[in-house]
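Let's have the full structure, built from the sequences with the hints guiding it.
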Amino acid sequence: MNQPYFTYEAEGQTLIVHLPEELDHHNCSGLKYETDLILSENYIRRIVFDFSKTRFMDSSGIGILLNRYKQMALSGGSIAIYGAGPQALRILKIGGILKLMKLYDSKEAAVTG
Amino acid sequence: MNQPYFTYEAEGQTLIVHLPEELDHHNCSGLKYETDLILSENYIRRIVFDFSKTRFMDSSGIGILLNRYKQMALSGGSIAIYGAGPQALRILKIGGILKLMKLYDSKEAAVTG
Amino acid sequence: MSEQNKPEILKMELEALSKNEEFARVAVAVFMARLNPTLEEVDDVKTAVSEAVTNTVIHGYQGNGGIIYLEVGIDGQEIAVTVRDTGIGIPDIKLAMEPMYTTDPDGERSGMGFSFMEAFMDQVEVKSAPGEGTVVTMKKKING
Amino acid sequence: MSEQNKPEILKMELEALSKNEEFARVAVAVFMARLNPTLEEVDDVKTAVSEAVTNTVIHGYQGNGGIIYLEVGIDGQEIAVTVRDTGIGIPDIKLAMEPMYTTDPDGERSGMGFSFMEAFMDQVEVKSAPGEGTVVTMKKKING
Ligand SMILES: Nc1ncnc2c1ncn2[C@@H]1O[C@H](COP(=O)(O)OP(=O)(O)O)[C@@H](O)[C@H]1O
Ligand SMILES: Nc1ncnc2c1ncn2[C@@H]1O[C@H](COP(=O)(O)OP(=O)(O)O)[C@@H](O)[C@H]1O
Numbered sequence: 001m002n003q004p005y006f007t008y009e010a011e012g013q014t015l016i017v018h019l020p021e022e023l024d025h026h027n028c029s030g031l032k033y034e035t036d037l038i039l040s041e042n043y044i045r046r047i048v049f050d051f052s053k054t055r056f057m058d059s060s061g062i063g064i065l066l067n068r069y070k071q072m073a074l075s076g077g078s079i080a081i082y083g084a085g086p087q088a089l090r091i092l093k094i095g096g097i098l099k100l101m102k103l104y105d106s107k108e109a110a111v112t113g
Numbered sequence: 001m002n003q004p005y006f007t008y009e010a011e012g013q014t015l016i017v018h019l020p021e022e023l024d025h026h027n028c029s030g031l032k033y034e035t036d037l038i039l040s041e042n043y044i045r046r047i048v049f050d051f052s053k054t055r056f057m058d059s060s061g062i063g064i065l066l067n068r069y070k071q072m073a074l075s076g077g078s079i080a081i082y083g084a085g086p087q088a089l090r091i092l093k094i095g096g097i098l099k100l101m102k103l104y105d106s107k108e109a110a111v112t113g
Numbered sequence: 001m002s003e004q005n006k007p008e009i010l011k012m013e014l015e016a017l018s019k020n021e022e023f024a025r026v027a028v029a030v031f032m033a034r035l036n037p038t039l040e041e042v043d044d045v046k047t048a049v050s051e052a053v054t055n056t057v058i059h060g061y062q063g064n065g066g067i068i069y070l071e072v073g074i075d076g077q078e079i080a081v082t083v084r085d086t087g088i089g090i091p092d093i094k095l096a097m098e099p100m101y102t103t104d105p106d107g108e109r110s111g112m113g114f115s116f117m118e119a120f121m122d123q124v125e126v127k128s129a130p131g132e133g134t135v136v137t138m139k140k141k142i143n144g
Numbered sequence: 001m002s003e004q005n006k007p008e009i010l011k012m013e014l015e016a017l018s019k020n021e022e023f024a025r026v027a028v029a030v031f032m033a034r035l036n037p038t039l040e041e042v043d044d045v046k047t048a049v050s051e052a053v054t055n056t057v058i059h060g061y062q063g064n065g066g067i068i069y070l071e072v073g074i075d076g077q078e079i080a081v082t083v084r085d086t087g088i089g090i091p092d093i094k095l096a097m098e099p100m101y102t103t104d105p106d107g108e109r110s111g112m113g114f115s116f117m118e119a120f121m122d123q124v125e126v127k128s129a130p131g132e133g134t135v136v137t138m139k140k141k142i143n144g
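Protein chains in written order, with UniProt numbering: chain A, 1 to 113; chain B, 1 to 113; chain C, 1 to 144; chain D, 1 to 144.
Hints may be right or wrong, so weigh each one.
[What the hints assert, rightly or not] List time: in silico SDA-like cross-link candidates among lysine to any residue, alpha-carbon distance up to 20 Å:
| hint | chain 1 | residue 1 | chain 2 | residue 2 |
| --- | --- | --- | --- | --- |
| 1 | D | LYS19 | D | GLU108 |
| 2 | B | LYS99 | C | MET100 |
| 3 | B | LYS32 | C | THR86 |
It should be emphasised that the hints constitute simulated quantities derived from the structure, not laboratory data.
Right under this line is the structure:
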């Protein structure tokens with residue numbers, strides 16, 4: 001129950017989204033509203049998802065990733081991922097996400113691309 | 001569910017009982033039989049209870065300690081405790097055990113007395 | 001009222017097996033996490049639940065199995081846990097609740113189960129009828 | 001037969017609140033610990049339970065609340081989890097189970113819930129009647 005929510009960090013035109021420990025429907029509820037707001041007020045070319053705290057993820061997480069992917073694809077931006085542990089990695093693979101987004105070893109690599 | 005059972009170690013006339021992570025009725029079930037057997041086959045003057053793995057204990061643990069105390073008192077032996085964490089310590093205090101058995105900082109101190 | 005603040009209830013039926021003692025107290029601990037309790041408050045509730053559930057297994061059903069009915073209610077910052085069995089019941093509740101009193105034949109029990117429930121919860125209420133079963137209701141305010 | 005090997009059952013009734021999604025999957029994970037599962041097997045079952053429970057909250061009860069009936073059966077090394085709601089039901093189960101199919105209006109769902117249940121469990125069975133509710137039964141052999 002620690003770190004239930006998303007935290008956001010901006011680095012130039014890159015938005016880093018630090019994901020919660022449990023990435024499920026309950027904890028995903030605010031993300032659409034929050035990222036829409038951030039994307040509308042800032043010029044963001046890249047979203048980086050930080051999975052390093054995430055110990056559990058289900059298809060709700062896939063839903064939010066796919067939707068951010070569509071948003072960024074429309075504006076010509078890109079999406080990257082880093083820090084995924086074994087459980088999240090399996091979900092990302094089975095959910096087809098790794099075909100759409102590149103996985104990096106570190107935050108720096110994910111931001112730089 | 002790791003280390004559900006007791007393990008025993010002998011040092012001269014001292015019997016060291018390593019307690020399980022969860023010291024409840026379920027995990028206490030075999031102890032009476034096992035210690036009776038050990039006490040009948042060996043000349044034991046002191047029992048040392050090792051709480052260092054124990055994260056949870058309830059009144060079932062108090063029951064087994066009290067009964068070993070009575071057994072040792074009858075034969076003129078003694079009982080010592082070491083390694084108790086905060087939860088076990090509270091139970092040992094409220095259960096009146098610390099008035100009957102001495103608490104030591106380490107295994108060596110508990111064995112030596 | 002938001003989802004956060006409405007009274008909530010969780011009901012469980014589990015078998016009176018000694019291995020469910022651990023399951024019961026851990027399940028209640030996980031459920032109460034939403035109240036942001038301190039570690040000590042979680043331990044208090046876990047211990048009280050363990051005592052009441054163990055009693056249904058050993059005394060209520062005398063080791064022969066049966067169903068344990070566990071209810072956890074959360075209302076504001078108060079947690080209420082009810083542990084019910086349909087076992088042999090308690091003929092004299094006042095006597096049963098006395099410290100060190102136990103009917104355990106093999107002498108391994110301490111007779112401190114009810115004392116611990118009372119020590120760790122704010123309120124403990126026992127209802128019982130011989131031949132019908134026992135209901136233990138315990139409440140505690142979680143300050144966090 | 002020893003206490004170890006008899007078939008066992010656990011029943012839970014919990015409210016269809018999104019915060020109970022985590023409670024449900026953790027409770028099942030704790031209960032199945034007695035089968036000595038691998039970490040991966042625990043994650044598989046947790047994910048499948050999370051999908052089915054989330055569906056009752058979002059789709060079955062459409063966010064308006066209700067009761068989730070969760071049953072966990074253990075028989076030998078097999079775990080069976082049943083998640084039942086008395087919500088709106090599913091008009092076309094075959095369609096609903098197709099990958100990427102979702103009726104979610106706000107577009108944040110992936111439509112992969114059933115696919116994940118099927119990927120992580122050995123067997124998934126869905127029964128549903130519009131206006132009456134939905135029952136999802138999932139089984140998995142735990143090799144440990
Ligand atoms: N659920 C129950 N059903 C029947 N008898 C019970 C139940 N719970 C407690 N008792 C009776 O109350 C006595 C005292 O209980 P308790 O204080 O928990 O100590 P202990 O479990 O060590 O005996 C028990 O020995 C038993 O006679
Ligand atoms: N318990 C349920 N009650 C009613 N409809 C359901 C239920 N579970 C699933 N459905 C229907 O099946 C569809 C597909 O479910 P699923 O594969 O889990 O994807 P998602 O939850 O992302 O929509 C849902 O969009 C919904 O229409």
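For each hint, the structure was consulted:
no.: 1; hint: D:LYS19 with D:GLU108; verdict: holds (18 Å)
no.: 2; hint: B:LYS99 with C:MET100; verdict: holds (16 Å)
no.: 3; hint: B:LYS32 with C:THR86; verdict: violated (29 Å)
Violated hints amount to a single one, hint 3; each of the other numbered hints is respected by the structure.
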